[in-house]
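K.L.:
Put chain B on the given structure of chain A with help from the hints.
There are 2 protein chains.
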Amino acid sequence: MTTVLPLLDAPGAACCAPLVREPISADDAVDLAHTIKALADPTRLRLLSIVAASEGQEACVCDLTEPVGLSQPTVSHHLKILTDAGFLTRSKRGTWAYFALVPGALERVALVLTP
Amino acid sequence: MTTVLPLLDAPGAACCAPLVREPISADDAVDLAHTIKALADPTRLRLLSIVAASEGQEACVCDLTEPVGLSQPTVSHHLKILTDAGFLTRSKRGTWAYFALVPGALERVALVLTP
Chain A
1 MTTVLPLLDA PGAACCAPLV REPISADDAV DLAHTIKALA DPTRLRLLSI VAASEGQEAC
61 VCDLTEPVGL SQPTVSHHLK ILTDAGFLTR SKRGTWAYFA LVPGALERVA LVLTP
Chain B
1 MTTVLPLLDA PGAACCAPLV REPISADDAV DLAHTIKALA DPTRLRLLSI VAASEGQEAC
61 VCDLTEPVGL SQPTVSHHLK ILTDAGFLTR SKRGTWAYFA LVPGALERVA LVLTP
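Chains as they are written, first to last, in the UniProt record's numbering: chain A, 1 to 115; chain B, 1 to 115.
This is chain A alone, in the form it adopts within the complex (with noise of 0.2 Å):
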């Protein structure tokens, strides 16, 4: 038997067809809602950008504190928020935590928005 297991349930997926194509359903829109709140957040879009724009898309988080100028536990809170919506995957190194972009990610919300 074929299990058909929903896209949704994949983290940042953003799901749908295109906005304007047609009405986007009620339960779609609150998870596209939920993938797009993470982004909607001028930290949350500069650490995204510095890490996407890293050697190998991927970079340390303590390099990540000083071009925001915040706080190192409020730079993890925002890592966490990006990570759990798919953005970011995190890994553990010695001391020190790594945040890497994940492909596709931000291309499919893009592909949401485009007609």
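Be a bit skeptical, because a hint or two may be false.
If chains are identical, the list can't say which one is meant, so a pair holds when it fits in one copy or spans any two.
To be verified - Simulated pairs of lysine to aspartate or glutamate, EDC-like, Cα-Cα distance not exceeding 20 Å: (1) K92 x D41; (2) K80 x E58; (3) K92 x D63; (4) K80 x D27; (5) K37 x E107; (6) K92 x E22; (7) K37 x E55; (8) K80 x D63.
No wet-lab data here; the hints were simulated from the structure.
P.N.:
Chain B only, in chain A's frame:
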């Protein structure tokens, strides 16, 4: 004398080079987060989607309350946020306000999210 007007003042202009290409500036991040925040709500995504899928990508506010199951003041509040962010334009005809999709506004956000 030529005055250079900042593009960021254009409503809903998603500023900025693609996020993943170079670190976004603090100012651009504030503007972009503000624009994205208008999309980070399930009701607003549904309203935008319904308007976009309507004939001529325009809809009367009188036809938008029933599909989302909310009162007209609440719907008007959400439509105002989308209009202020540059995703919709508002025009009054007779008793009713009509909202139309701004061509290119969603695509500009999509382009910033695309590598």
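K.L.:
Would you mind marking each hint as holding or not holding in the structure?
P.N.:
Going down the list of hints, with the structure as the test:
1. K92 x D41: neither (25 Å within a copy, 33 Å between copies)
2. K80 x E58: within (15 Å within a copy, 39 Å between copies)
3. K92 x D63: Within one copy, since 14 Å is at most 20 Å while 52 Å is not.
4. K80 x D27: The answer is neither: 24 Å in one copy and 23 Å across copies each exceed 20 Å.
5. K37 x E107: Result: close both inside a copy and across copies, 16 Å intra and 18 Å inter.
6. K92 x E22: Result: close neither inside a copy nor across copies, 42 Å intra and 25 Å inter.
7. K37 x E55: Neither, since 26 Å and 29 Å both go past 20 Å.
8. K80 x D63: For K80 and D63, only the intra-copy Cα distance (16 Å) is at most 20 Å; the inter-copy one is 40 Å.
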